[in-house]
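Take the sequences, apply the hints, and build the full model.
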Amino acid sequence: MENELKIDPKLVAEFFKFNKNMIEAPKMVPVPDEINLEMTPYDVAYSEDKIRLLHFNSPTQKQHQTPLVIVYALINRYHILDIQPHKSWVRNLLNQGYDVYMIDWGTPSNIDKYLGFDDYVNGYIDNCVDFVCNEASVNKVSMQGYCTGGTLATVYAALHPNKIKNLVATAPVIDGQRDTTVVGNLAKHMDVDNMVETIGNMPPEFMYYVFSVLKPFEQGIEKYINFFRNIDDKNYVDSFLRVEKWLNDTPPIPGELFRQWIKDIYQDNLLIQNKMYVGGKLVSLKNITMPIFTQVAVGDHLVSPECSMPLHYAVGSEDKTLRIYPTGHVGMIASSFSQKNVLPELGEWLKERSNK
Amino acid sequence: MAAQSDYKKSLEYYKHLSLFWTDIVYLMSSKPSALTSAGPMRKFAMQAKKLATEMIEANEDLTEFNTRLAEYYKQLSDTWIEAQKRVNKKITEIPQDMEHLEASKRVWIDMFENDFTQLFDSEKFGENFGKLISSELELSKHWNKMLSVLLETANIPTKNDIDEIYKELHSLRKRMSKLEKNGNQTKVKNNGK
Chain L
0 MENELKIDPK LVAEFFKFNK NMIEAPKMVP VPDEINLEMT PYDVAYSEDK IRLLHFNSPT
60 QKQHQTPLVI VYALINRYHI LDIQPHKSWV RNLLNQGYDV YMIDWGTPSN IDKYLGFDDY
120 VNGYIDNCVD FVCNEASVNK VSMQGYCTGG TLATVYAALH PNKIKNLVAT APVIDGQRDT
180 TVVGNLAKHM DVDNMVETIG NMPPEFMYYV FSVLKPFEQG IEKYINFFRN IDDKNYVDSF
240 LRVEKWLNDT PPIPGELFRQ WIKDIYQDNL LIQNKMYVGG KLVSLKNITM PIFTQVAVGD
300 HLVSPECSMP LHYAVGSEDK TLRIYPTGHV GMIASSFSQK NVLPELGEWL KERSNK
Chain X
0 MAAQSDYKKS LEYYKHLSLF WTDIVYLMSS KPSALTSAGP MRKFAMQAKK LATEMIEANE
60 DLTEFNTRLA EYYKQLSDTW IEAQKRVNKK ITEIPQDMEH LEASKRVWID MFENDFTQLF
120 DSEKFGENFG KLISSELELS KHWNKMLSVL LETANIPTKN DIDEIYKELH SLRKRMSKLE
180 KNGNQTKVKN NGK
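Protein chains in written order, with numbering that gives the first Met the number 0: chain L, 0 to 355; chain X, 0 to 192.
Incorrect hints may appear among the rest.
Listing some non-contacts, in silico: residues in chain X with all C-beta distances to chain L over 12 Å [stated by the list, open to error]:
#, residue
1, D5
2, L16
3, F19
4, T21
5, D22
6, Y25
7, M27
8, K42
9, L50
10, T52
11, N58
12, A69
13, K89
14, T91
15, V148
16, L150
In silico DSS-like links for lysine-lysine, alpha-carbon gap of 30 Å or less [claimed, not checked]:
#, chain 1, residue 1, chain 2, residue 2
17, L, K164, X, K173
18, L, K214, X, K123
19, X, K188, X, K177
20, X, K123, L, K262
21, X, K104, L, K19
22, X, K104, L, K244
23, L, K16, X, K104
24, X, K177, L, K285
25, X, K166, L, K187
26, X, K140, X, K123
27, X, K173, L, K274
28, X, K177, L, K49
29, L, K350, L, K339
30, L, K262, L, K274
31, L, K139, X, K186
32, X, K8, X, K130
33, L, K164, X, K180
34, L, K222, X, K88
35, X, K180, L, K49
36, L, K319, L, K274
37, L, K214, X, K88
38, L, K16, X, K88
39, L, K26, L, K233
40, L, K280, X, K177
Please keep in mind that the hints were generated in silico from the structure rather than gathered at the bench. Backbone N, C-alpha and C fix where the C-beta goes; we use that ideal spot for every residue, glycine too.
This is the structure we're talking about:
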């Protein structure tokens, strides 16, 4: 038979194995909904409206005087910073002897649609910082902000420099015009006033859409193929399901905050030009004179390095460090790479500046 | 373009016709129906014109929405076709066996990823996407307004009423938080003395 179709038998075997894995997957892996993302134990040290200030229980004795307050992003939830014991940002810092607090923004509902930058920065963050200062008997805290939390932390540090000892900005959204990601492109074309006026808070479904177009084939198809191919690998499956669950749980963003975010940072690009107003006060990045550590990732497809790096050059600090890591947005904070490279470096940097 | 203009003209005609009859019927019936001013029917009759107007305008916005949605899918499908062409060209160079399965998959993923990211990053996609969302919002607005008409007839708070309450609550929460903060600061100062 000359026209016989020649198919590598190994390909056929791979195809059958893949199908078998898909059929057996439900028996082998837990239901994602039943996975508990809480890892390192914590106490809720302070709460206000829907936000909570988490104080993580340290397995080691506190070795550094200045507590660290982590300002988590507005998208998804804080669990990514404590996703698995061996990839936990929080646990690593605790093991290095830091006293770690983190702000959980909770789930804003319709009633919160008028919450804006002022409420978040001069209200919630400031109240959390005051609480930590009081509890730890210090005058200043170290602050780390991740992603959009990096922007909030930066604005806070510019408006309240006397309360911040060290600032760590991890993939912060700073210069919207330089952002080369798809998020930046969509944000620039959004009629945000109309959006907030009509639907109030930014619904999670809208966020999901925006993220779905970031790497549609790698994130939308390939990763699921890899999941079913690696169904026997317990560590892979556990890590995959935890990150998937985290990715699919994002709270709405309060309408007013979203409006100011899109207009002032992406469309008018006011923050980097020192022209943004929060609570009636001008936010000048020159007011940031404390030591600052800016961390960016080359492969960041959510906040491009070009969008974060201008912070390093815009602040008034003399003691400033910029690190560019060969990883991605999530890889920088929740991966073996971050445990081996990013966190030890951050720990050292903070150590030199926490006990002075 | 001519079809679009004809469509607009006929829409205008039907809009005028329907509003004319809504007004006339309202004028004819408003006096007798005033007897039922305590019930929902009179309120509804008074607002019926608003419903008709909203429905007609929603129809116009639906046309815009459909145009934008069609453009959105056209952009996706054009990009898909081009990416597939490039993959087809490249894939023939790779042997189709188990050893090269991963390489074939990589080519497919990378080429599609590259072409689609270029599309999503482009001005034309951003512009159409922005307008698509705006037209969806216009439809939502009509829907909200129509619902408000019905809610008002039953004396139930509308979205605007609730928004007013949210605004008031936000301002009260802010004031309370400020007062609490000032109170705490005064306490600390007094304790320090």
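We went through each hint and held it up to the structure:
1. Against the 12 Å criterion, D5/X stays outside the reach of chain L, whose nearest CB is about 29 Å from its own CB.
2. With a least CB separation of 30 Å from chain L, L16/X remains clear of the 12 Å interface cut-off, as annotated.
3. Look at F19/X: its CB is around 30 Å from the nearest CB on chain L, clear of 12 Å, so calling it non-interface holds up.
4. Distance check on T21/X: its Cβ is at least 26 Å (rounded) from any Cβ of chain L, clearing the 12 Å threshold; non-interface status holds.
5. Distance check on D22/X: its Cβ is at least 29 Å (rounded) from any Cβ of chain L, clearing the 12 Å threshold; non-interface status holds.
6. With a least beta-carbon separation of about 29 Å from chain L, Y25/X lies farther than 12 Å from that chain, consistent with its non-interface assignment.
7. No Cβ of chain L comes within 12 Å of the Cβ of M27/X; the nearest lies about 36 Å off, and the non-interface call holds.
8. Even its closest Cβ contact with chain L, about 25 Å, leaves K42/X beyond 12 Å, as expected for a residue assigned away from the interface.
9. No Cβ of chain L comes within 12 Å of the Cβ of L50/X; the nearest lies about 19 Å off, and the non-interface call holds.
10. Its beta-carbon lying about 18 Å from the closest one in chain L, T52/X satisfies the requirement of being farther than 12 Å from that chain.
11. Chain L leaves N58/X outside its interface by the beta-carbon criterion, the shortest separation being 18 Å against a cut-off of 12 Å.
12. The Cβ of A69/X sits about 18 Å from the closest Cβ of chain L, beyond the 12 Å cut-off, so the non-interface label holds.
13. With a least CB separation of 15 Å from chain L, K89/X remains clear of the 12 Å interface cut-off, as annotated.
14. For T91/X, the shortest C-beta to C-beta distance to chain L comes to about 15 Å, beyond the 12 Å cut-off, and the non-interface label holds.
15. Even its closest Cβ contact with chain L, about 17 Å, leaves V148/X beyond 12 Å, as expected for a residue assigned away from the interface.
16. L150/X, annotated as away from the interface, keeps every beta carbon of chain L farther than 12 Å; the closest lies near 16 Å.
17. The straight-line distance between the Cα atoms of K164/L and K173/X is roughly 27 Å, inside the 30 Å bound, and the hint therefore holds.
18. The hinted pair formed by K214/L and K123/X meets the criterion: a straight-line CA distance of about 19 Å does not exceed 30 Å.
19. Annotation: proposed proximity of K188/X to K177/X holds, straight-line Cα distance about 16 Å (limit 30 Å).
20. Between K123/X and K262/L the CA atoms are separated by roughly 20 Å; this keeps the pair inside 30 Å, and the hint holds.
21. Distance hint between K104/X and K19/L is fulfilled; the C-alpha atoms sit about 20 Å from each other, no more than 30 Å.
22. In summary, the hint linking K104/X to K244/L is supported, as the alpha carbons are separated by about 26 Å, within the 30 Å threshold.
23. Between the alpha carbons of K16/L and K104/X the distance comes to roughly 17 Å, so the proposed pair stays at or under 30 Å and holds.
24. For the hint pairing K177/X with K285/L, the CA-to-CA distance comes to about 27 Å; that is within 30 Å, so the pair holds.
25. Taking the CA atoms of K166/X and K187/L, the gap is about 27 Å. The hint holds against a cut of 30 Å.
26. Between K140/X and K123/X the CA atoms are separated by roughly 26 Å; this keeps the pair inside 30 Å, and the hint holds.
27. Pair hint K173/X plus K274/L holds up; C-alpha atoms about 24 Å apart against a cutoff of 30 Å.
28. With a C-alpha separation of about 17 Å, the suggested pair K177/X and K49/L falls inside the 30 Å cut-off, and the hint holds.
29. A C-alpha spacing of about 17 Å is found between K350/L and K339/L, which places the hinted pair at or below 30 Å, so the restraint holds.
30. For the proposed pair K262/L and K274/L, the alpha carbon gap of about 12 Å is at most 30 Å, so the pair holds.
31. For the hint linking K139/L to K186/X, the alpha-carbon distance of about 20 Å falls within 30 Å, and the restraint holds.
32. For a cut-off of 30 Å, the pair hint linking K8/X to K130/X stands: about 23 Å separates their Cα positions.
33. Distance check on the hinted pair: K164/L and K180/X sit about 22 Å apart at the alpha-carbon level, within 30 Å; holds.
34. Restraint check: the Cα-Cα separation between K222/L and K88/X comes to about 25 Å, which is no more than 30 Å; the hinted pair holds.
35. With a CA separation close to 18 Å, the supplied pair K180/X and K49/L stays within the 30 Å bound.
36. Distance hint between K319/L and K274/L is fulfilled; the C-alpha atoms sit about 22 Å from each other, no more than 30 Å.
37. Restraint check for K214/L and K88/X: satisfied, since their Cα atoms lie roughly 23 Å apart, inside the 30 Å limit.
38. A distance of roughly 29 Å separates the Cα atoms of K16/L and K88/X; the hinted pair therefore holds under the 30 Å criterion.
39. In summary, the hint linking K26/L to K233/L is supported, as the alpha carbons are separated by about 13 Å, within the 30 Å threshold.
40. Proposed proximity of K280/L and K177/X is supported: the alpha carbons are some 16 Å apart, at most 30 Å.
The structure shown violates none of the earlier numbered hints.
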